[in-house]
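Whenever a hint applies, use it, and build me the whole structure from the sequences.
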Amino acid sequence: MNIENGEFEDWRGSKADPAKHGGVTASSIACVVEVLENMVFLSNATNFVEYFLKSMHYSAAESANMVTNFMGTSFLLTIFGGFVSDSFLTRFKTFIIFCTLELLGLILLTIQAQDSRLLPAINSKPSKTQEAILFTGLYAIAAGVGGVKAALPAHGADQLDHSNQRLVSSFFNWFFFSLCLGGLIASTVMIWIQENLGWNWGFKISVVTLSVALCIFSMGFPIYRYKLPGGSPLIRIFKVLASAIANRKASLPEAENTQIYGEKRNHDKFRFLNKALMGESVPSTEVEETKTFIGLLPIFASTIMMNCCLAQLMTFSVQQGNIMNRSLNSFKIPTQSLSVFPLSIMLTSIPIYEYFVRMFRSKNNHHPGILNMFQPLRRIGLGLALASGSMAAAAVVEAKRREAANDDVVLSVFWLGWQYLLLGVSDMLTLGGMLEFFYSEAPDTMRSMSTALSWCSTAMGYFISSVLVTISNSVSGHFGKEWLGGSDLNHTRLDLFYMLLCILNFINLLNYIFWARRY
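The sequence shown begins at 1 in UniProt numbering and counts up one residue at a time.
Rather than coming from a laboratory, the hints here were simulated on the basis of the structure.
All values derive from a computational prediction rather than experimental measurement.
For every residue, glycine included, the Cβ atom is placed at its ideal position computed from N, Cα and C.
Heads up, a few of these hints could be off.
Simulated restraints on C-beta separations [as the list claims (entries may be wrong)]:
no.: 1; residue 1: Val409; residue 2: Glu131; range: 43 to 53 Å
no.: 2; residue 1: Ala121; residue 2: Ile245; range: 57 to 67 Å
no.: 3; residue 1: Ile122; residue 2: Phe80; range: 50 to 60 Å
no.: 4; residue 1: Gly13; residue 2: Pro120; range: 49 to 59 Å
no.: 5; residue 1: Pro120; residue 2: Ile223; range: 43 to 53 Å
Simulated crosslink set (DSS-like; lysine-lysine; CA at most 25 Å straight-line) [said to hold, decoys possible]:
no.: 6; residue 1: Lys20; residue 2: Lys93
no.: 7; residue 1: Lys239; residue 2: Lys269
no.: 8; residue 1: Lys54; residue 2: Lys239
no.: 9; residue 1: Lys15; residue 2: Lys93
Below is the structure:
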């Protein structure tokens, strides 16, 4: 049986039967796997710092930079993973290959960590061979993570009926819930294991956990439905752009009359690309595909600044927590577990959000204006607004903490709950909305790569956060004292840096509204 363009096939290569293939059960497997995969990814990100310091004998600064580069590279490589998934392999095969690559990298690092011959001598730097093993394993994991995070959410959403947009939206909310649950386990159970049993147990448990995740995902192959790859979307985009440039002197009416258009959602946007239709080398479908992808880029760019705020939870907020009162009765909260606060808030907010969505839909089914408030673009906008509010709250709390410290009073770490609360809900709305928006709006042949834009936004937010710190110190240093100079937060102006982020996020919100209204 021939599979027509846009249709799904089963594992035998026949047309997928909706009664047997896909559905909620098949998509739920992706959520279960994400819990395990993200637990492995985040627990290792924490484990690597101690491993680089104590076993590989890198300095604290080198270790921190290596972990930051590893995480940034992992998220950026989702674009490559999405490209492979859309162009050459099914999303199922992409996950299997890249998850295996991640597992092999993890096994290599585990072997190195257990074999003293592959580790540097005490007080010695690693040899070239030892560094080669380390970076081979490290970036095999990064490449694997990139492919997994690009293919898994798109594969899960592929299992659902796309005519039921509410079902697709709910999947991405619960996928985000799974992501946060994996992070929570990494911040609690895995941290306890690493502190009480040793960091080497973290590697061993990660290998077993990722192997289980790979097996669970593979076992679902008889009930999955598969979308065949459609060839390289980048080549088609470049071909459209090259043709439009070559025919730039042609008049638009002449170009638009070259081929007959169907009912297309992008026919009024980026009309200059219609000049690519001159001649017979570029079909109208490829022009529409290019318009759609380019139309996603301003929305993508408008979310990067919000991820700069998220970067603060991993850096300055942790430093704040270190010098605040972390005691809870007789228990002292570990520094690495401070991320439990935002993760718990995100986990709580998703079921509450789903409950209110169902309630509003059941009571206001005939009022589209009310239902539109749950559309992805509106959710992203609300998330960006909350990000600005979270930085304002962070600035106020930091000013109060520094004032109290000058009076020899140590505030409770729970004062950070305000910024964690606002930024946790903001991340839930923004990242969940982005995953749904980029998947739903992307051309069928580019859904993995478009979904990967959500992860690239996270990576770029982390990188730009570092740039903003450098610029802030440089500019403030010219006018007196650097805002973030030195290691003692009691003698810095972190509150002013937070306020700068608040202002930049507010400006970014206005920029987002401009592009969202034009979409």
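(request) Hint says 43 to 53 Å; check whether the CB-CB distance for Val409 and Glu131 agrees. (result) At roughly 47 Å between Cβ atoms, Glu131 and Val409 fall inside 43 to 53 Å, so the hint holds.
(request) Quickly compare the C-alpha distance for Lys239 and Lys269 to 25 Å and report which way the hint goes. (result) 18 Å, holds
(request) With a cut-off of 25 Å on the C-alpha distance, tell me whether Lys20 and Lys93 pass. (result) 20 Å, holds
(request) For the pair we were handed, Lys54 and Lys239, check the Cα-Cα distance against 25 Å. (result) This hinted pair is violated, its Cα atoms lying about 51 Å apart.
(message) For the hint 43 to 53 Å, verify it against the beta carbon of Pro120 and that of Ile223.
(response) 49 Å, holds
(request) Kindly confirm whether 50 to 60 Å is satisfied by the beta carbon distance between Ile122 and Phe80. (result) 39 Å, violated
(message) Verify the CB-CB distance for Gly13 and Pro120 against the hinted window 49 to 59 Å.
(response) For Gly13 and Pro120 the Cβ distance comes to about 51 Å; the hint holds.
(message) Need the status of pair Lys15, Lys93: alpha-carbon distance at most 25 Å?
(response) 18 Å, holds
(message) Given a hint of 57 to 67 Å, does the C-beta separation of Ala121 and Ile245 actually sit inside it?
(response) This hint holds: roughly 59 Å between Cβ atoms.
Going through the hint list in order, the structure does not satisfy hints 3, 8.
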